[in-house]
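Order-wise, the sequence lines are chains A, B, C and D.
422 is the number that our numbering gives the last residue of the first sequence; the numbers go up by one with no jumps.
422 is the number that our numbering gives the last residue of the second sequence; the numbers go up by one with no jumps.
422 is the number that our numbering gives the last residue of the third sequence; the numbers go up by one with no jumps.
422 is the number that our numbering gives the last residue of the fourth sequence; the numbers go up by one with no jumps.
Careful, some of the hints might be misleading.
One copy or two, it doesn't matter: identical chains are merged, so the pair holds either way.
Stated by the list, open to error - With a straight-line cut-off of 25 Å between C-alpha atoms, the simulated DSS-like cross-links for lysine-lysine are:
no.: 1; residue 1: LYS359; residue 2: LYS212
no.: 2; residue 1: LYS330; residue 2: LYS359
no.: 3; residue 1: LYS283; residue 2: LYS391
no.: 4; residue 1: LYS212; residue 2: LYS391
no.: 5; residue 1: LYS391; residue 2: LYS359
no.: 6; residue 1: LYS222; residue 2: LYS391
No wet-lab data here; the hints were simulated from the structure.
Predicted, not measured: the structure shown is a model, and the values here were computed from it.
4 protein chains.
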Amino acid sequence: MIGIEDEKFIRGNVPMTKQEIRILTIAKADIGAEDYVVDIGAGTGSLSIEAAKIAENGCVYAIDKDPEAIDLITQNAEKFSVENIVTINGEAPEALEQVKKIDVALVGGSGGLIDEILTAVDAKLKIGGRIVLNFITVQSLASCLNWLKSHNNYKYEAIQVQINRLQNLGFYDMARAINPVHIVTAKKFRHNQAANVISISDAKIRNAQPVQIKGIRD
Amino acid sequence: MIGIEDEKFIRGNVPMTKQEIRILTIAKADIGAEDYVVDIGAGTGSLSIEAAKIAENGCVYAIDKDPEAIDLITQNAEKFSVENIVTINGEAPEALEQVKKIDVALVGGSGGLIDEILTAVDAKLKIGGRIVLNFITVQSLASCLNWLKSHNNYKYEAIQVQINRLQNLGFYDMARAINPVHIVTAKKFRHNQAANVISISDAKIRNAQPVQIKGIRD
Amino acid sequence: MIGIEDEKFIRGNVPMTKQEIRILTIAKADIGAEDYVVDIGAGTGSLSIEAAKIAENGCVYAIDKDPEAIDLITQNAEKFSVENIVTINGEAPEALEQVKKIDVALVGGSGGLIDEILTAVDAKLKIGGRIVLNFITVQSLASCLNWLKSHNNYKYEAIQVQINRLQNLGFYDMARAINPVHIVTAKKFRHNQAANVISISDAKIRNAQPVQIKGIRD
Amino acid sequence: MIGIEDEKFIRGNVPMTKQEIRILTIAKADIGAEDYVVDIGAGTGSLSIEAAKIAENGCVYAIDKDPEAIDLITQNAEKFSVENIVTINGEAPEALEQVKKIDVALVGGSGGLIDEILTAVDAKLKIGGRIVLNFITVQSLASCLNWLKSHNNYKYEAIQVQINRLQNLGFYDMARAINPVHIVTAKKFRHNQAANVISISDAKIRNAQPVQIKGIRD
Numbered sequence: 205m206i207g208i209e210d211e212k213f214i215r216g217n218v219p220m221t222k223q224e225i226r227i228l229t230i231a232k233a234d235i236g237a238e239d240y241v242v243d244i245g246a247g248t249g250s251l252s253i254e255a256a257k258i259a260e261n262g263c264v265y266a267i268d269k270d271p272e273a274i275d276l277i278t279q280n281a282e283k284f285s286v287e288n289i290v291t292i293n294g295e296a297p298e299a300l301e302q303v304k305k306i307d308v309a310l311v312g313g314s315g316g317l318i319d320e321i322l323t324a325v326d327a328k329l330k331i332g333g334r335i336v337l338n339f340i341t342v343q344s345l346a347s348c349l350n351w352l353k354s355h356n357n358y359k360y361e362a363i364q365v366q367i368n369r370l371q372n373l374g375f376y377d378m379a380r381a382i383n384p385v386h387i388v389t390a391k392k393f394r395h396n397q398a399a400n401v402i403s404i405s406d407a408k409i410r411n412a413q414p415v416q417i418k419g420i421r422d
Numbered sequence: 205m206i207g208i209e210d211e212k213f214i215r216g217n218v219p220m221t222k223q224e225i226r227i228l229t230i231a232k233a234d235i236g237a238e239d240y241v242v243d244i245g246a247g248t249g250s251l252s253i254e255a256a257k258i259a260e261n262g263c264v265y266a267i268d269k270d271p272e273a274i275d276l277i278t279q280n281a282e283k284f285s286v287e288n289i290v291t292i293n294g295e296a297p298e299a300l301e302q303v304k305k306i307d308v309a310l311v312g313g314s315g316g317l318i319d320e321i322l323t324a325v326d327a328k329l330k331i332g333g334r335i336v337l338n339f340i341t342v343q344s345l346a347s348c349l350n351w352l353k354s355h356n357n358y359k360y361e362a363i364q365v366q367i368n369r370l371q372n373l374g375f376y377d378m379a380r381a382i383n384p385v386h387i388v389t390a391k392k393f394r395h396n397q398a399a400n401v402i403s404i405s406d407a408k409i410r411n412a413q414p415v416q417i418k419g420i421r422d
Numbered sequence: 205m206i207g208i209e210d211e212k213f214i215r216g217n218v219p220m221t222k223q224e225i226r227i228l229t230i231a232k233a234d235i236g237a238e239d240y241v242v243d244i245g246a247g248t249g250s251l252s253i254e255a256a257k258i259a260e261n262g263c264v265y266a267i268d269k270d271p272e273a274i275d276l277i278t279q280n281a282e283k284f285s286v287e288n289i290v291t292i293n294g295e296a297p298e299a300l301e302q303v304k305k306i307d308v309a310l311v312g313g314s315g316g317l318i319d320e321i322l323t324a325v326d327a328k329l330k331i332g333g334r335i336v337l338n339f340i341t342v343q344s345l346a347s348c349l350n351w352l353k354s355h356n357n358y359k360y361e362a363i364q365v366q367i368n369r370l371q372n373l374g375f376y377d378m379a380r381a382i383n384p385v386h387i388v389t390a391k392k393f394r395h396n397q398a399a400n401v402i403s404i405s406d407a408k409i410r411n412a413q414p415v416q417i418k419g420i421r422d
Numbered sequence: 205m206i207g208i209e210d211e212k213f214i215r216g217n218v219p220m221t222k223q224e225i226r227i228l229t230i231a232k233a234d235i236g237a238e239d240y241v242v243d244i245g246a247g248t249g250s251l252s253i254e255a256a257k258i259a260e261n262g263c264v265y266a267i268d269k270d271p272e273a274i275d276l277i278t279q280n281a282e283k284f285s286v287e288n289i290v291t292i293n294g295e296a297p298e299a300l301e302q303v304k305k306i307d308v309a310l311v312g313g314s315g316g317l318i319d320e321i322l323t324a325v326d327a328k329l330k331i332g333g334r335i336v337l338n339f340i341t342v343q344s345l346a347s348c349l350n351w352l353k354s355h356n357n358y359k360y361e362a363i364q365v366q367i368n369r370l371q372n373l374g375f376y377d378m379a380r381a382i383n384p385v386h387i388v389t390a391k392k393f394r395h396n397q398a399a400n401v402i403s404i405s406d407a408k409i410r411n412a413q414p415v416q417i418k419g420i421r422d
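Using the sequences plus the hints, can you model the full thing?
Here you go:
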């Protein structure tokens, strides 16, 4: 199963996807036992390890530009006895050239290159494959949604996840917030078959107006 | 894997745990292939079915007092080809008498009887077993936390989960809130071995004061 | 107007109500120019100062048990040229004895004595008066709601407020969470005239069951 | 004071800014008694009326393209005895031509024309003036932030506000979510004097990378 506790990972100074975000990201990716997965901006490898345990007959490519991260991924893979992770010390999109056809792409860090990464991922992703992306900035999220809207062979859903942990203080439990994350899940279809993706035109933008105004005051 | 899409379940008028809450609940329950699970207030059976798919050599007892719910659980089990669900048309805590020793209890609806249900669940739960509860009211959550604090063989964590879905409106994506849910996860230890559970006394309440004041203004 | 920026207050090590929570708390208190206000657990005095500026012909009693807080309140009152604050270095409920009849009570820190504080506030609060309370723990919130439910001359509303600040990182804006706070606003009526307060019995608890189950899965 | 209860407004079918969002929007606008204010996408006029009560010697221009909205604003102004609102039945940015120099602009509905509206508002806004905008879509928020970043005489802050109301169900209080809103507050300075606004270049985007990756996993 998924959801290794945060403190069980060897962490160093490399940041890590929090357990609840990790659980939702992996579940949305719908990974199968034979799947090939790429984890872009793999950090400590927490997503890679959860993915590798499910894709037991497949493989996870863990990409990170930071050598310290690569080292941690290797250590964590050993700690959790996971043998189907291939680490790639490099930066997306270039580093994706070393990757075969994939079923799933997990994108944690995009470094301001979300369009280029999505294009490179798309080139490797099989029909039926999934991309699951985590965002903490408005701009990266907006860029991603824009890319997906302009590719009519992708169907997506997007959520914002806000987790508050109740910290035990003896008799009391106090709510402590974790920074919210947006999770975007996109599925690849054959061209023009992602039926519910709406084509966009300037006319649409104006037409969206009444809806938006209605929304904002609702 | 977990996370069946909401609209794939046959629903009728019975309410259903939303996909993201379901994913987190099932992941926190840490279900094994041989586990015996009870789902209290099973509703449409969405949690039961996700649990039953994981506990493939075990069994899920799906309890609901509403005959319509029992009917839906049966239909959904058939739809998802799940054969290890036993439905119990009754009300917790009484209905728990029909259940064997369990590894996991999922508690969706408590109907104001959270203490009684926890006591009955405890009587059936193996050492090492997990209880995962979903709450939408302040009072049920507070009662549950109080029960857990007064049982020194349980260790718990609690989170609040707030999900906003981005609704696609052509060019725009608009945030739509889902009602927040608290998820409490408790693990059963041998007596006095849940080390981090703090014993409570009236003195503690007063002692908690500086912490609380610090917290509220932080 | 209300909403002094957080960094304008002299703070020391005393925690402070964040600007957005302060704005909502003061607005919900519906303070008038002639009002007498008590601020319990006044901390840096940020709420007291905002209240005192509105209650320009009235008075704000700022109660805190910490002498450092009293000192900060005095400094901040001077900084913001507010002259209608009376500081009381003591602990509620006892310290409330020094207070006259009041129109508004603001309760930031309750130190586990929420029932006693509400009872003491009630003794000083005029008919038509408002109590606005901030909570960060499940238990204090639950205690407060319980007290209000058992007093049929109070009508209340309660909200949870979660604020994320977007931190400017050059091209990007990243969401940073602030710990959520519950704000409870109660208005005092003549006995039995708070029409929408529902009387509670054990029967009610059972009757609430279908609603709750419906809620949790909705 | 601010924070008229939602149900006190005459509403019709026109959507309305919820009380808590209204309180924060008005407080962030820091309106003075002599201020000239424009409310773009005024809807029922709820923001206009709160603003007009504070700007008692100034004036509020309430712009809406929907004649039904204009009618409701007029009715609500009468109900709340507010006489300093001038309604303009038209669409921003064009409708802004009828407006004098302003101290404050409130922007509720932008209808996909956020850039054009900000440019037109800027032309009317005095040095020291404030723009407070409410957003419910990722794209409008991102466009607004982009406009502000590229104008070095504006300094801004942005927050996301999520309110859950506790609905009273007899013994229980159940959390009900309201759709989240982003509130952006921008203040106008003389050219090049909004010190903390960072100039942006493509190089910056790449440089932002480590921060972003750090953020997302933090």
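Can you give the numbers of the hints that this structure goes against, from lowest to highest? Structure breaks no hint.
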